[in-house]
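Peer 1: Here are the chains, one letter per residue:
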Amino acid sequence: MNHPKTGRVADLVARAQQDILDDWIRQQLGQTGRGAGRISEAALRQQSTRFLEAFARAINGGLIYDAKAPRWDDLREVLKELSLSRAAQNFSTSETATFIFSLKQPLFERLRKEAGGADVDADIWSISTLLDTLGLYTSEAYQKAREEVINRQQEEMLELSTPVVQLWDGIVALPLIGTLDSARTQVVMESLLNEVMARRAKFAIIDITGVPTVDTLVAQHLLKTVAAARLMGVECLISGIRPQFAQTIVHLGIDLTQVVTKASLADAFSLALKKLQMAVVRLEGRPGRS
Amino acid sequence: MPTIKTDALPIRSDEDVVRVRQKVRQWATELSFSLVEQTKVVTAASELARNTLVHGGGGEVTLETLAEGTKRKGLRLTFQDRGPGIPNIERAMTEGYTTGDGLGLGLSGARRLSSEFDIHSEVGVGTSVTITRWK
Ligand SMILES: Nc1ncnc2c1ncn2[C@@H]1O[C@H](COP(=O)(O)OP(=O)(O)OP(=O)(O)O)[C@@H](O)[C@H]1O
Ligand SMILES: [Mg+2]
Chain A
-3 MNHPKTGRVA DLVARAQQDI LDDWIRQQLG QTGRGAGRIS EAALRQQSTR FLEAFARAIN
57 GGLIYDAKAP RWDDLREVLK ELSLSRAAQN FSTSETATFI FSLKQPLFER LRKEAGGADV
117 DADIWSISTL LDTLGLYTSE AYQKAREEVI NRQQEEMLEL STPVVQLWDG IVALPLIGTL
177 DSARTQVVME SLLNEVMARR AKFAIIDITG VPTVDTLVAQ HLLKTVAAAR LMGVECLISG
237 IRPQFAQTIV HLGIDLTQVV TKASLADAFS LALKKLQMAV VRLEGRPGRS
Chain B
2 MPTIKTDALP IRSDEDVVRV RQKVRQWATE LSFSLVEQTK VVTAASELAR NTLVHGGGGE
62 VTLETLAEGT KRKGLRLTFQ DRGPGIPNIE RAMTEGYTTG DGLGLGLSGA RRLSSEFDIH
122 SEVGVGTSVT ITRWK
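Chains as they are written, first to last, in the working numbering: chain A, -3 to 286; chain B, 2 to 136.
Derived from the structure by calculation, the hints contain no laboratory data.
Just to be clear, a hint being listed does not mean it is correct.
[Unchecked claim] A few chain A residues that don't get close to chain B, going by computed Cβ distances all over 10 Å:
(1) 11
(2) 26
(3) 43
(4) 205
(5) 206
(6) 231
(7) 253
(8) 272
[Said to hold, decoys possible] Here chain B is said to cover these stretches of chain A; the calculated rule only asks that three of the stretch's residues, wherever they fall, bring their Cβ under 8 Å from a Cβ of chain B:
(9) 87 to 98
(10) 167 to 181
(11) 243 to 252
[Said to hold, decoys possible] Only part of the chain A face toward chain B is listed, based on derived beta-carbon distances under 10 Å:
(12) 154
(13) 158
(14) 159
(15) 208
(16) 238
Every residue, glycine too, gets a C-beta built ideally from N, C-alpha and C.
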């Protein structure tokens, strides 16, 4: 391919960098597809400045317009970071690529104005092609970053987070947060039981408020855990079964009659206390203090 | 009956099952299903997606939004696999029957959680289960 030299555009960018930047930012702020306020003006200004500086450096010295040349490495790095941050902020591909494309108008306008009648068509054509290439690069980097974001969210979702919380001497709570789909779930539940044993608990309250779906697999994990705990002398109480789940559990034909269930963790706690011959009582005659 | 919107998702891993539930929940919300209706269709989808994965060796689900007249809206889900198939559907639908180590409640439960339920299976060819939940 025959790449013309960048001389005239390089001169312009070096000379009028600040003006181009201002025009460009104004242009971007005026766009409706800017991601509707997902990015602050300050962040936009910072990203645009970084890009234009790297652009000015790359284009400087009358080199040819070849976005794949090592001279443009820096700029590609800037774009990669930009794509990453926009992917994390849920921008779309086109919104992200528009960042680059929107530089065309302010750049070309200034080029025409400053050319004073000279023919700038060839320059405009080259720079347009170059920005297209960079835009495409940004889209690809964006796609990759987006996939990574989604994969990460996916992993977090499959992750089951389960602290063992000591509520009282002999009573622990296991608030399950996440899904119980992964193959690791049973392993997690077993290690939880070990922790319960280590704390010499008599009662373990399994709270499922943070479990988004209760189906046969979830029920099976719960029932297995309850049965295993019972063998080790620990009684499990299940709390946090929301009303809509109570219905689906019945429809699924899951039998929870062998398990003690309570609406809230507080209810389960007070039942466990009662079974330990204890109770929480209000102190008479000492208002305002505990 | 016009289909308003349709989409398909693969079911090849535990993550995919989670994704299916999320998408079904999202579509049910868009149809302004009540919380109970939403929970029912998501739970049924969870059961069938896992059957597709575990028993069918993987497959896919097709989601469709349906409209009958202006008022009646529905969500139809079709789970398909090219797994071993089910030799005796009646037995498979029996509560407590399992060839794996499950509770054997998924299929029968999914039927009860749905407005319409349809199953086709051929040994050596595969299985297809379609459920519809009307609002
Ligand atoms: N897509 C399928 N392909 C092949 N066999 C299937 C399929 N779906 C269900 N089956 C068979 O039907 C049986 C019953 O299914 P069902 O979902 O009711 O129970 P389960 O999956 O074994 O356990 P659970 O769903 O309670 O965890 C399964 O054990 C399996 O033999
Ligand atoms: Mg099943």
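Peer 1: Give a verdict on every hint.
Peer 2: Structure-based check of each hint:
no., hint, verdict
1, 11, "holds (52 Å)"
2, 26, "holds (32 Å)"
3, 43, "holds (31 Å)"
4, 205, "holds (14 Å)"
5, 206, "holds (15 Å)"
6, 231, "holds (22 Å)"
7, 253, "holds (14 Å)"
8, 272, "holds (32 Å)"
9, 87 to 98, "violated (count 0)"
10, 167 to 181, "holds (count 4)"
11, 243 to 252, "holds (count 6)"
12, 154, "holds (6 Å)"
13, 158, "violated (17 Å)"
14, 159, "violated (22 Å)"
15, 208, "holds (8 Å)"
16, 238, "holds (8 Å)"
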